[in-house]
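*Asks:* Listed here are the chains, written in short residue letters.
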Amino acid sequence: MTQRALTASDAGLLACLTCGLLSRRPRRSAAACPRCGRALHRRKPYALVRSWTFLVAAMVLYVPANLLPVMETESLFGSQSDTILSGVVYLWKTGSWPLAVIVFVASIMVPLLKMLAMLAILIAVHVGVRVHREDLSRLYRVLELIGRWSMLDVYVVAVLVTLVQMQLLATISPGAGAVAFGAVVVLTMLATISFDPRLIWDSGRVLGRPR
Amino acid sequence: MSSLLACPHCDLLQRNLEIARDAIARCARCDAALYRPYDENLDRPLAFTLAAAILFAVANAFPIVGLELRGVETSATLVGTARALFDENMALLASVVFFTTVIVPAVQLTAMLYVLLPLRLGYAPRYMPLALRALQAVRPWGMVEVFLLGLLVSLAKLAGMATVVPGTGLWAFGLLLLAIAAAVASFDARAAWSRLRLAR
Amino acid sequence: MPEAVAVPRRRFGFEWVWLLPIVAALVGGWFAIRAVLQDGPTITISFKTAEGLEPGRTRIKYKDVDVGVVKNVTLGKDRTGVVVTAEMSKAAEDLLVTDTRFWIVRARISAGAVTGLTTLLSGSYIGMDPGKSTDDQREFVGLETPPVITTGLTGKQFVLRAEDIGSLDVGSPVYYRRLEAGRVVAWELDKAGTAVFVRIFVNAPYDQYVTTDTRFWHASGVDVALDANGLRINTQSVASVVVGGLAFQAPDDAAPHPPADENILFALFNDRAQAMRRPITIRERYALVFDESVRGLGIGAPVDFRGITVGEVRSIAPHFDRVKRQLGLVVEIDFYPENLFTERARAGELTTEKGPTLARLVGHGLRAQLRSANLLTGQVYVALDFVPGARKVSMDVARQPPEIPTVPGTTQELQTTVASIAKKLDSVPYKEIGMDLRRTLQLSSETLERINREITPQARETMTEARKAMEEARRAIEEARKSLASVERTMTAAEPLPAEAGDALREIGRAAAAFRVLADYLERHPEALIRGKTGDAK
Numbered sequence: 303m304t305q306r307a308l309t310a311s312d313a314g315l316l317a318c319l320t321c322g323l324l325s326r327r328p329r330r331s332a333a334a335c336p337r338c339g340r341a342l343h344r345r346k347p348y349a350l351v352r353s354w355t356f357l358v359a360a361m362v363l364y365v366p367a368n369l370l371p372v373m374e375t376e377s378l379f380g381s382q383s384d385t386i387l388s389g390v391v392y393l394w395k396t397g398s399w400p401l402a403v404i405v406f407v408a409s410i411m412v413p414l415l416k417m418l419a420m421l422a423i424l425i426a427v428h429v430g431v432r433v434h435r436e437d438l439s440r441l442y443r444v445l446e447l448i449g450r451w452s453m454l455d456v457y458v459v460a461v462l463v464t465l466v467q468m469q470l471l472a473t474i475s476p477g478a479g480a481v482a483f484g485a486v487v488v489l490t491m492l493a494t495i496s497f498d499p500r501l502i503w504d505s506g507r508v509l510g511r512p513r
Numbered sequence: 013m014s015s016l017l018a019c020p021h022c023d024l025l026q027r028n029l030e031i032a033r034d035a036i037a038r039c040a041r042c043d044a045a046l047y048r049p050y051d052e053n054l055d056r057p058l059a060f061t062l063a064a065a066i067l068f069a070v071a072n073a074f075p076i077v078g079l080e081l082r083g084v085e086t087s088a089t090l091v092g093t094a095r096a097l098f099d100e101n102m103a104l105l106a107s108v109v110f111f112t113t114v115i116v117p118a119v120q121l122t123a124m125l126y127v128l129l130p131l132r133l134g135y136a137p138r139y140m141p142l143a144l145r146a147l148q149a150v151r152p153w154g155m156v157e158v159f160l161l162g163l164l165v166s167l168a169k170l171a172g173m174a175t176v177v178p179g180t181g182l183w184a185f186g187l188l189l190l191a192i193a194a195a196v197a198s199f200d201a202r203a204a205w206s207r208l209r210l211a212r
Numbered sequence: 002m003p004e005a006v007a008v009p010r011r012r013f014g015f016e017w018v019w020l021l022p023i024v025a026a027l028v029g030g031w032f033a034i035r036a037v038l039q040d041g042p043t044i045t046i047s048f049k050t051a052e053g054l055e056p057g058r059t060r061i062k063y064k065d066v067d068v069g070v071v072k073n074v075t076l077g078k079d080r081t082g083v084v085v086t087a088e089m090s091k092a093a094e095d096l097l098v099t100d101t102r103f104w105i106v107r108a109r110i111s112a113g114a115v116t117g118l119t120t121l122l123s124g125s126y127i128g129m130d131p132g133k134s135t136d137d138q139r140e141f142v143g144l145e146t147p148p149v150i151t152t153g154l155t156g157k158q159f160v161l162r163a164e165d166i167g168s169l170d171v172g173s174p175v176y177y178r179r180l181e182a183g184r185v186v187a188w189e190l191d192k193a194g195t196a197v198f199v200r201i202f203v204n205a206p207y208d209q210y211v212t213t214d215t216r217f218w219h220a221s222g223v224d225v226a227l228d229a230n231g232l233r234i235n236t237q238s239v240a241s242v243v244v245g246g247l248a249f250q251a252p253d254d255a256a257p258h259p260p261a262d263e264n265i266l267f268a269l270f271n272d273r274a275q276a277m278r279r280p281i282t283i284r285e286r287y288a289l290v291f292d293e294s295v296r297g298l299g300i301g302a303p304v305d306f307r308g309i310t311v312g313e314v315r316s317i318a319p320h321f322d323r324v325k326r327q328l329g330l331v332v333e334i335d336f337y338p339e340n341l342f343t344e345r346a347r348a349g350e351l352t353t354e355k356g357p358t359l360a361r362l363v364g365h366g367l368r369a370q371l372r373s374a375n376l377l378t379g380q381v382y383v384a385l386d387f388v389p390g391a392r393k394v395s396m397d398v399a400r401q402p403p404e405i406p407t408v409p410g411t412t413q414e415l416q417t418t419v420a421s422i423a424k425k426l427d428s429v430p431y432k433e434i435g436m437d438l439r440r441t442l443q444l445s446s447e448t449l450e451r452i453n454r455e456i457t458p459q460a461r462e463t464m465t466e467a468r469k470a471m472e473e474a475r476r477a478i479e480e481a482r483k484s485l486a487s488v489e490r491t492m493t494a495a496e497p498l499p500a501e502a503g504d505a506l507r508e509i510g511r512a513a514a515a516f517r518v519l520a521d522y523l524e525r526h527p528e529a530l531i532r533g534k535t536g537d538a539k
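Protein chains in written order, with the working numbering: chain W, 303 to 513; chain D, 13 to 212; chain V, 2 to 539.
Think of the hints as simulated: they come from the structure by calculation, not from any bench. You may find that some hints are simply not true.
Subject to a maximum C-alpha distance of 16 Å in a straight line, what follows is the list of computed EDC-like cross-link-like pairs (lysine to aspartate or glutamate) [to be verified]:
#1 D/169 <-> W/374
#2 V/62 <-> V/88
#3 W/395 <-> W/384
#4 V/192 <-> V/214
#5 W/346 <-> W/504
#6 V/62 <-> D/100
#7 V/72 <-> V/100
#8 V/157 <-> V/208
#9 D/169 <-> W/504
For each label pair, taking beta carbons as the anchor points, the in silico distance ranges come out as [as the list claims (entries may be wrong)]:
#10 W/448 <-> D/50: 53 to 59 Å
#11 W/379 <-> V/213: 55 to 61 Å
#12 V/49 <-> W/355: 53 to 59 Å
#13 W/440 <-> D/133: 53 to 59 Å
#14 V/47 <-> D/104: 36 to 42 Å
#15 W/362 <-> V/49: 24 to 30 Å
#16 W/332 <-> D/206: 23 to 29 Å
#17 V/34 <-> W/362: 25 to 31 Å
#18 D/152 <-> V/132: 35 to 41 Å
It should be emphasised that the depicted structure is a prediction, and the values quoted were computed from it without experimental measurement. Cβ coordinates follow ideal geometry from the N, Cα and C atoms, glycine included.
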């Protein structure tokens, strides 16, 4: 093992993200993986642009996702609108505090943290920080893992809507907040997926210019 | 070249060494998990995939859970849940739910079967790269376990006011979860890729 | 260059892992087979409208048990109705025969009941009533309204012939002693259009009380009658007020009759009285001549013998008697000897062949008289009774109709007595008494003031006397009031006034007189209030 940190990019090699094969980068043309045929790029194309777009969109939609009701309950006793937060409060008040915690973490904290983390990573890449890059990398990997769990509340609403269809006794219908929330989760996931984590370790080199 | 690999997270070139059982190779620089011990065994992932496929069929065919209140009964299947959202004019949400809980697992299972079966029988299927690529692409979008947790949260919410009737689909669903996880975990893509000869 | 690692070729060894899919397959297969076996038949039912039916959700229920679920609702081929496809459970397979009926249960208000309200909460469902046939069937035509009687109900059907339908409708209740005993199932107009046939279903165990002697009558709504018997309000139940109904009962005093067979025809009367009336088979016409006013007597007024209705007034007409040169009023009545001579009637010995049945009684002093039925309404009826000391008269049986001699009615006497009472009451000098009272009270109050200042035993004594007099007056007035009450009662009973009335009136007169004397004296000797009456030693 050499002491110098040599990246594939330094060595003029392209790593195939699908099958892992390293192959030499052709001089001037676009490259394809010899084993699996996938188009090869040094870094994910438009990673930063896409990531920023998705992230900003997610942040914008986060507001209506929390303000608009995700669920409307109609029963003989009247109508009731629930936002994500009021759902958590209801769970807490009725004594199911483990559930309240789960929903709160999954539906309020996680998306928020995801967006903030992604924001931090993107800013770090743009600024060109060289310290704590391991932590940023780790942060990214955590984001990859937990991203999907924010969808929890969407499924909760979906199941409730499906089951509670009892005409006048009780009927639940989904609210606009649910769509917004689902969009937020999808967008943050897309932001994470389209980002290239190798960019964290590229700082110090000039971005965007092929070597 | 197959003795070297680049860390997908920090691009560092490292040697592709064989590691001991129960060990896991990590990137020297950024500590990302790189690979697990090379596992040529195709029986295990295949068995898990088959079990998962059957369970997937059962989980979708029978209702997962039912609700009963004052003589009124309703029930939910996976597809039915997406359908219910669709009926409420939430087509976008319905498609997201449908995609993440039905399409993605189906794609995963199909792709794995498509690759594993021929490999087990000794040859590489024609569209193996495509299948493996699809498998990798949909992996972050599979949310069956999140759905299950969401289901449990809803049931906990409803248990107080109505009678919850677990259906056949519920057990199949839980087992499906485990089966898919086991199948994906025991499937070593590198072993599959190594079967492919280089085009050039 | 690292060396390739030699990987031993794996033999085909059985790995435990393969148990998993095998087990999964077995379990899955078992569920699948079970589902297929449990699948019942699929049926189609056609309705006019699918209102309230939801595919996948609406259930089919028999005796409140889910036996099927609606799978699909489509328009019928000719676009005039809908076709409902439903999957039935295995258990219900043998219930699907040719005369099985289906209907949609929605919230509805119909004759006799508001039903199905729970469907507002839980959604409509399809009710099912299996038939008795042995032929299987899978395509049905649904009923638009729930059937009135479903299989499994025991009881009997009967047909009633009525003049009009009244307020009856399909589903109207049938009552026995005010218990709901059955329902109207159907009705139709007689072919000649002269009567309505009403088909009813009487549930067990009430059907055993329908005997060959049972009478049926309309029990709809509220019966209000104001006649010679007074004001009567009669109703079976609130339901019958709303939706109409009919009742049945056998006459209580009749000998027990055997239970009626199914589908026997009965008559439907308009009310209970009519229904229970002993059927009149013999009618005799008599004439009564009155030379007093018959005001208050109407056609249909009862002819009464000591409280029993024995006939009915049929016609009233003036008649000039050339012999006596008098204008009289001839009242013709129908007399029902069966009501009077009930024992002979029951024994079947009653006959008019030997001449009018009343002939002998007239010879013994039976007369006809007009009596007041009700002072309030002024109604009058004909009373037949034996008059003591009546002249011997024998009925002229040759005349048609035979005549019953009459005596003056009590109305006249009553009027005279009332007039005299009124005169007496008139003669009481109320005005003077009133003025005297006022003056007395004035004096008394001044005197009382003086007495308040100086109370003397004489004044007290005089006061006591005055109080006594007033007490007497009050008592007398009280008695007078009581007597007047009894006078009122008396007037309705149409009997001679008791003597008490006169007594009471005299008392009033006396009390008033006493008071007047006292007042006069006090006027002349106001000091008596203080000093006492002169001559009264103290």
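*Asks:* Determine for every hint whether it applies to the structure shown.
*Replies:* Here's how the hints hold up against the structure:
Restraint check: the Cα-Cα separation between residue 169 of chain D and residue 374 of chain W comes to about 15 Å, which is no more than 16 Å; the hinted pair holds. Of the supplied pair hints, the one linking residue 62 of chain V and residue 88 of chain V holds, its CA atoms being roughly 12 Å apart against a limit of 16 Å. Of the pairs offered as hints, the one joining residue 395 of chain W and residue 384 of chain W holds, with about 14 Å between alpha carbons and a cut-off of 16 Å not exceeded. Among the hinted pairs, residue 192 of chain V with residue 214 of chain V is inconsistent with the structure: their alpha-carbon atoms are about 27 Å apart, more than 16 Å.
Of the supplied pair hints, the one linking residue 346 of chain W and residue 504 of chain W holds, its CA atoms being roughly 13 Å apart against a limit of 16 Å. For the hint linking residue 62 of chain V to residue 100 of chain D, the alpha-carbon distance of about 28 Å lies beyond 16 Å, and the restraint is violated. Taken as a hint, the residue 72 of chain V and residue 100 of chain V pair is broken in the structure, with Cα atoms around 22 Å apart against an allowance of 16 Å. Restraint check: the Cα-Cα separation between residue 157 of chain V and residue 208 of chain V comes to about 6 Å, which is no more than 16 Å; the hinted pair holds.
Between the alpha carbons of residue 169 of chain D and residue 504 of chain W the distance comes to roughly 48 Å, so the proposed pair goes past 16 Å and is violated. For the hinted restraint 53 to 59 Å between residue 448 of chain W and residue 50 of chain D, the CB-CB distance of approximately 29 Å leaves it violated. For residue 379 of chain W and residue 213 of chain V, the Cβ-Cβ distance of about 58 Å falls inside the hinted range of 55 to 61 Å, so the restraint holds. About 57 Å separates the C-beta atoms of residue 49 of chain V and residue 355 of chain W, a value consistent with the hinted range of 53 to 59 Å.
The beta-carbon spacing between residue 440 of chain W and residue 133 of chain D, approximately 41 Å, falls outside the hinted interval of 53 to 59 Å. For the pair residue 47 of chain V and residue 104 of chain D, the beta carbons lie near 39 Å from each other, so the given range of 36 to 42 Å is met. Evaluation of the 24 to 30 Å hint for residue 362 of chain W and residue 49 of chain V yields a failure: the beta carbon distance comes to about 53 Å. For residue 332 of chain W and residue 206 of chain D, the hinted distance range of 23 to 29 Å is satisfied, since their beta carbons lie about 26 Å from each other.
For residue 34 of chain V and residue 362 of chain W, the Cβ-Cβ distance of about 53 Å falls outside the hinted range of 25 to 31 Å, so the restraint is violated. Taking 35 to 41 Å as the suggested C-beta distance range, the pair residue 152 of chain D and residue 132 of chain V does not conform, at roughly 60 Å.
Hints 4, 6, 7, 9, 10, 13, 15, 17, 18 from the earlier list are contradicted by this structure; the remaining hints agree with it.
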